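K.L.:
Each chain, letter by letter, is given below.
Number of protein chains: 2
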Amino acid sequence: MKKSYPELIRRLHEIHDLRSAAALLEWDEQVCMPPKGNGARAKQTALLATLAHERQADPGLGECLDGCSRDPKLSASQKALVREARRDYDKAVKIPGDLVHEISETSVKAHAVWVEARKKSSFRLFAPLLSRLVSLKKEEAEALGYPEGGVPYDALLDQFEPGATVRELDPVFKRTRDITIAAIRSIAESRRKPDVRILRRRYSPERQEKLGRLILDYMHYDLTAGRLDRSVHPFTTGIDVQDVRITTRYEERWLPGGLFGTIHEAGHALYEQALPLAHSGTPLAEALSMGFHESQSRLWENQIGRSFAFWKFLFPRLRRLFTDTMAGVGLDDFYLAINAVRPSLIRVEADEVTYNLHIIVRYELEQALFARAIPVKDLPALWNSKMKEYLGVVPRNDAEGVLQDIHWSSAGFGYFPTYLLGNLYAAQWMATLRRDFPDLDRRLARGDLQTVKKWLNDKIHRHGRRYPASELCRRVSGETLNPEYFGKYLRAKYGPLYGVSWS
Amino acid sequence: MKKSYPELIRRLHEIHDLRSAAALLEWDEQVCMPPKGNGARAKQTALLATLAHERQADPGLGECLDGCSRDPKLSASQKALVREARRDYDKAVKIPGDLVHEISETSVKAHAVWVEARKKSSFRLFAPLLSRLVSLKKEEAEALGYPEGGVPYDALLDQFEPGATVRELDPVFKRTRDITIAAIRSIAESRRKPDVRILRRRYSPERQEKLGRLILDYMHYDLTAGRLDRSVHPFTTGIDVQDVRITTRYEERWLPGGLFGTIHEAGHALYEQALPLAHSGTPLAEALSMGFHESQSRLWENQIGRSFAFWKFLFPRLRRLFTDTMAGVGLDDFYLAINAVRPSLIRVEADEVTYNLHIIVRYELEQALFARAIPVKDLPALWNSKMKEYLGVVPRNDAEGVLQDIHWSSAGFGYFPTYLLGNLYAAQWMATLRRDFPDLDRRLARGDLQTVKKWLNDKIHRHGRRYPASELCRRVSGETLNPEYFGKYLRAKYGPLYGVSWS
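Protein sequences appear in the order of chains Z and B.
Residues in the first sequence are numbered consecutively from 746, following my numbering.
Residues in the second sequence are numbered consecutively from 746, following my numbering.
Isolated chain Z, as found in the complex (with noise of 0.2 angstroms):
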């Protein structure tokens, strides 16, 4: 009994180096990876999955945490990792290998028919494999289990945000449509209308990612610690907690996206560079949820990224980089154009107020699915008409609707809420951090970003997974997660933004 603590760490430090491995080998293949070197290494990670998963499982893992559990002398943040590390074990023992196996060879069917459905724009192709991933998910859910009077759409946003239940999540869905749908119609009415073109000039890569870096430079990300490179599909991965590296990609004709792109995943990195380096290794040393882990990229994106303090600063900057390029642009128009608000079709390009809403309509219709109250067959015409009554737009095929995202490919049911999770703890750690430093605005506007990274290290990323969610947001913020913050957020910057005002 008495040496079951350090053979926990043990194990979980093999399972930790396992799975960092896998991550570098992930990162390779979008970053460096010749095309040839795919079949290869797609077996590569499995076998290094497997062998994680083998060791996430094993009932001599178990026994060392009962072992734990009866050791009266651990100090509380031991009793912190072994409560995570059960967890995490009792997850990789309720799901039956079988299982397993099967979610993961249908989610690679599925991938490679919904990339060739969002081509063709033919949900009917992907459909029948989508509805074999449902239901392997539901068996997954009940295997898992939910809370008492729950449901099993519950186990699956557990997976992603711990704790979270649809009871918890819907009024504050709720809410948060309503909040949103008030800022849009105002914003709507406004005669102010932002000149996006100014966005769409010729701004070359290279000045991009100069610019990029700068940036990563005031955020303080440790390069040395990290790296950043270019990629399809911009990432962050955290290797260790001492190699955390980003990407990112830039569009010559659309500055915000490798702009914005690179400062979000900065934001996710500097949570993994800050976590508790003495409990690397093991969950300790993990982010706490997807949801907070979005909750850091958004603030950097946008609470900050997209503030006006932040470029009164960086403009100047902007325009000796571009000097041609940003000829006849002020400040002003700048800042309106990097905050147009438009509802639209394609939630990755959609700005901070639509955003959500493009969420909550996946939130309803993977509830109702796994609630077994709507067919596959009947989301494309789900789908457009919450698309019609939440944000005024509609599809015109299904690869600009339904399928656009990837998620559901790989069964990542209960994982796209985490990002509306994420803009309203975003919008709540703000208004704290404006509590406890009222003159932010001036400290952003001289350069300083030190002071916002140095308070989310303090306050959030050195507990790794050592609180509960919402035990941590109480301890940040005083109260459990409130949208109000949000909604408050938008009308303090968007109404006079607009020159227009709601409630």
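Treat the hints loosely; a few may be bogus.
Pairs involving identical chains hold if they fit within one copy or between any two copies, as the list cannot separate such chains.
As the list claims (entries may be wrong) - With a Cα cut of at most 27 angstroms, we get these calculated DSS-like pairs of lysine-lysine:
hint : residue 1 : residue 2
1    : Lys-788   : Lys-824
2    : Lys-938   : Lys-955
3    : Lys-781   : Lys-1204
4    : Lys-1057  : Lys-1199
5    : Lys-1133  : Lys-748
6    : Lys-1233  : Lys-919
7    : Lys-938   : Lys-748
8    : Lys-919   : Lys-781
9    : Lys-938   : Lys-1133
10   : Lys-1133  : Lys-1233
11   : Lys-1199  : Lys-781
12   : Lys-955   : Lys-781
13   : Lys-883   : Lys-1122
Quick caveat, the hints were computed from the structure, so don't treat them as lab data.
The structure presented is a predicted model; accordingly, all values stated were derived computationally and were not measured.
The hints should help you fit chain B onto chain Z, whose structure is shown.
P.N.:
Showing chain B alone in chain Z's frame:
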């Protein structure tokens, strides 16, 4: 019994996939990894090595091999595969786990101390760990065993050059020594003095890379199954047959470094890229020996890359890339400069004539060490006296003497001889290739490197480890390894170049 073969393949693939993942981790460490990633990376790599070794020494693998050897239905290539898999298994089980571990731990320490010792040019610092490594490797040699009437050093040679023995190598090395000394003496008497200063002008690294990529293109190195990057120490890594990466480095003031370094690594890479894809993940799709590997890199670097025919083609292109730098330099001057022969102290900087003598010094010292004929402390004095005797130069200190190379610090005794074997094999292949293609120089002079590549693919690469070295050598060239080819090559090339002759 019927199922042994597929099960063998499954096990071999798993070992291979683990090693591929480890190879990628090591590549990344040299090329991409941010400095702080070091600590975590060491753990990841060590874990993968352990997992691969466990599987390589698993008694279940031995049972599989036993089953296969009783299977009368195996094809010739399947039998060869079983033979080579048995060879790897036997090696893995013969060395006790504790010894593997101790050698690995001692090497890590020895490497760090060697770095320090070389910096301070103090052999005394390094001596104790070197002694320890020698005695551990003696244990290993005894555990591995060696042929009746042989010596323990044979067991070490065999790890890099399967089947090689001192008894066989001794006459080859002696003859090579005599051939080389005769060549050096004659060349020293020549009145033609190469002007190597033309190679020390300013060659921008960007253009050097362009030049390198141009040559890679003519060599038909497949960049869709490979990459070219920069690293401190150039190397080639075959992560998989379809993912073979090379690195190089450029010195602005020394053109040959990056130029011939790139060609050298590409020679290795062409071998790895043409191993039999159908047997990928098994020993059959591995290079036959380090000597064979080096024969590929040296053939491309020297026999092709430093030939007059090749530069007849490339020189105008080189001049176009470095118009100002190359002003006033003609093809003949350039050709003489890249073939300057001068006894020197540092192996990696040695020309192709004097190079083998550096190896012979190492070979003689290693043999003596493992025959207990000399104590470790006498190495510097012995090194210096042999350098004086064979090359006529004496190191001013141990850093440019016995401490110059990394190999001993990583317990790589028995590796050096494969460099010399590579040079001899390269000359033998080239003589055969010239017999098959009497117009080879005309082909090279019009940029046709495809002839050479295809010939090597067909004669050597595609066989992987199917045939033992002596048999493949006979299949390729009609006879076993014969140092006279190297002698003829030197006379045919350097005689006219320096206006001298010898026999």
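K.L.:
None of the hints should be skipped; say for each whether it holds.
P.N.:
Cross-check of the supplied hints:
1. Lys-788 with Lys-824: between (37 angstroms within a copy, 25 angstroms between copies)
2. Lys-938 with Lys-955: neither (30 angstroms within a copy, 49 angstroms between copies)
3. Lys-781 with Lys-1204: This pair counts as between: shortest inter-copy Cα distance 24 angstroms, intra-copy 45 angstroms.
4. Lys-1057 with Lys-1199: within (21 angstroms within a copy, 62 angstroms between copies)
5. Lys-1133 with Lys-748: neither (61 angstroms within a copy, 60 angstroms between copies)
6. Lys-1233 with Lys-919: Classified as within: same-chain Cα gap 16 angstroms, cross-chain 87 angstroms, threshold 27 angstroms.
7. Lys-938 with Lys-748: neither (67 angstroms within a copy, 73 angstroms between copies)
8. Lys-919 with Lys-781: Classified as neither: same-chain Cα gap 48 angstroms, cross-chain 45 angstroms, threshold 27 angstroms.
9. Lys-938 with Lys-1133: Close inside one copy (23 angstroms), not across copies (84 angstroms); limit 27 angstroms.
10. Lys-1133 with Lys-1233: Within one copy only: 26 angstroms inside, 84 angstroms across.
11. Lys-1199 with Lys-781: between (43 angstroms within a copy, 20 angstroms between copies)
12. Lys-955 with Lys-781: between (31 angstroms within a copy, 23 angstroms between copies)
13. Lys-883 with Lys-1122: Answer is within; shortest intra-copy Cα gap is 17 angstroms, inter-copy 71 angstroms.
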